[in-house]
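Undergrad: All chains, full assembly: derive it from the sequences and hints.
In this text, residue positions in the sequence shown follow the UniProt record's numbering: the first is 1, and each later residue adds one.
These are calculated hints, taken from the structure and not from any lab test.
Hints are not guaranteed to be accurate.
[To be verified] Here are the simulated PhoX-like cross-link-like pairs (lysine-lysine), alpha carbons at most 25 Å apart as the crow flies:
#, residue 1, residue 2
1, 147, 103
2, 149, 176
3, 119, 91
4, 119, 185
5, 122, 91
6, 149, 103
7, 122, 55
8, 176, 147
9, 147, 119
10, 147, 66
11, 66, 122
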Amino acid sequence: MKIVIVDDHPLVRKGLAAVISMQPNVQFAGEAQNQQEALAVIEETDPDLVLLDLKLADESGLDIIKIARGRGFRSKFILLTSSATREDFLKAEEASVDGYVLKEALPEELIYAIHLVNKGRKYYDPAILENKLREDAGNLTDDLTPKEKEVLVELGQGACNREIASRLFISEFTVKKHVSQILAKLRLADRTQAALYANAIGLAKYEPTNMMMR
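TA: Printed below as a string of structure tokens:
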């Protein structure tokens with residue numbers, strides 16, 4: 001996996017390069033500090049993934065993404081930023097970024113995000129996700145069926161498919177179908193994000209009806 005780093009702070013670039021270089025099967029392909037340099041290094045190296053700062057002095061990392069994709073590059077993009085505002089996150093979503101990671105994240109969190117995005121998944125920093133879910137929860141959960149809400153509650157409590165099936169008196173196959181529908185309706189990447197979602201909106205505190213009857 002070839003990775004390019006775009007950030008206007010030299011120390012940040014060096015730190016990220018050090019973290020990346022320690023990973024097996026990952027190649028640090030180049031770095032840039034502004035839009036012109038970024039587009040040049042992307043064209044030269046055709047990286048699999050680009051880590052870039054949302055705000056580059058007077059420029060925006062989102063513009064780099066738009067231009068690169070307009071030129072036909074299929075690189076995936078993870079934004080690194082200190083901004084956790086809803087406005088910036090929505091702009092990033094509109095630009096179809098593949099990942100959104102806060103600069104305060106631990107190195108292992110960044111590496112996890114890199115590998116997840118490289119596999120074609122989305123990654124949102126848990127802090128960003130929690131803020132987003134609190135605001136969007138009402139509309140999204142309205143799309144869930146009562147049984148899907150019960151399954152989401154169980155996910156929030158860390159239950160595996162077998163445990164959910166036992167508690168809700170359904171088959172594991174049915175649980176898998178419900179989990180798939182939940183992820184699709186809530187636009188989440190995996191069951192870990194679903195668990196974070198359930199806890200962020202307080203749904204995990206809810207007692208499903210059939211559990212209360214036992």
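Undergrad: Take the hints in turn and mark each one as holding or not.
TA: Going down the list of hints, with the structure as the test:
no. : hint       : in the structure
1   : 147 to 103 : 38 Å, violated
2   : 149 to 176 : 14 Å, holds
3   : 119 to 91  : 23 Å, holds
4   : 119 to 185 : 21 Å, holds
5   : 122 to 91  : 16 Å, holds
6   : 149 to 103 : 33 Å, violated
7   : 122 to 55  : 21 Å, holds
8   : 176 to 147 : 12 Å, holds
9   : 147 to 119 : 30 Å, violated
10  : 147 to 66  : 40 Å, violated
11  : 66 to 122  : 18 Å, holds
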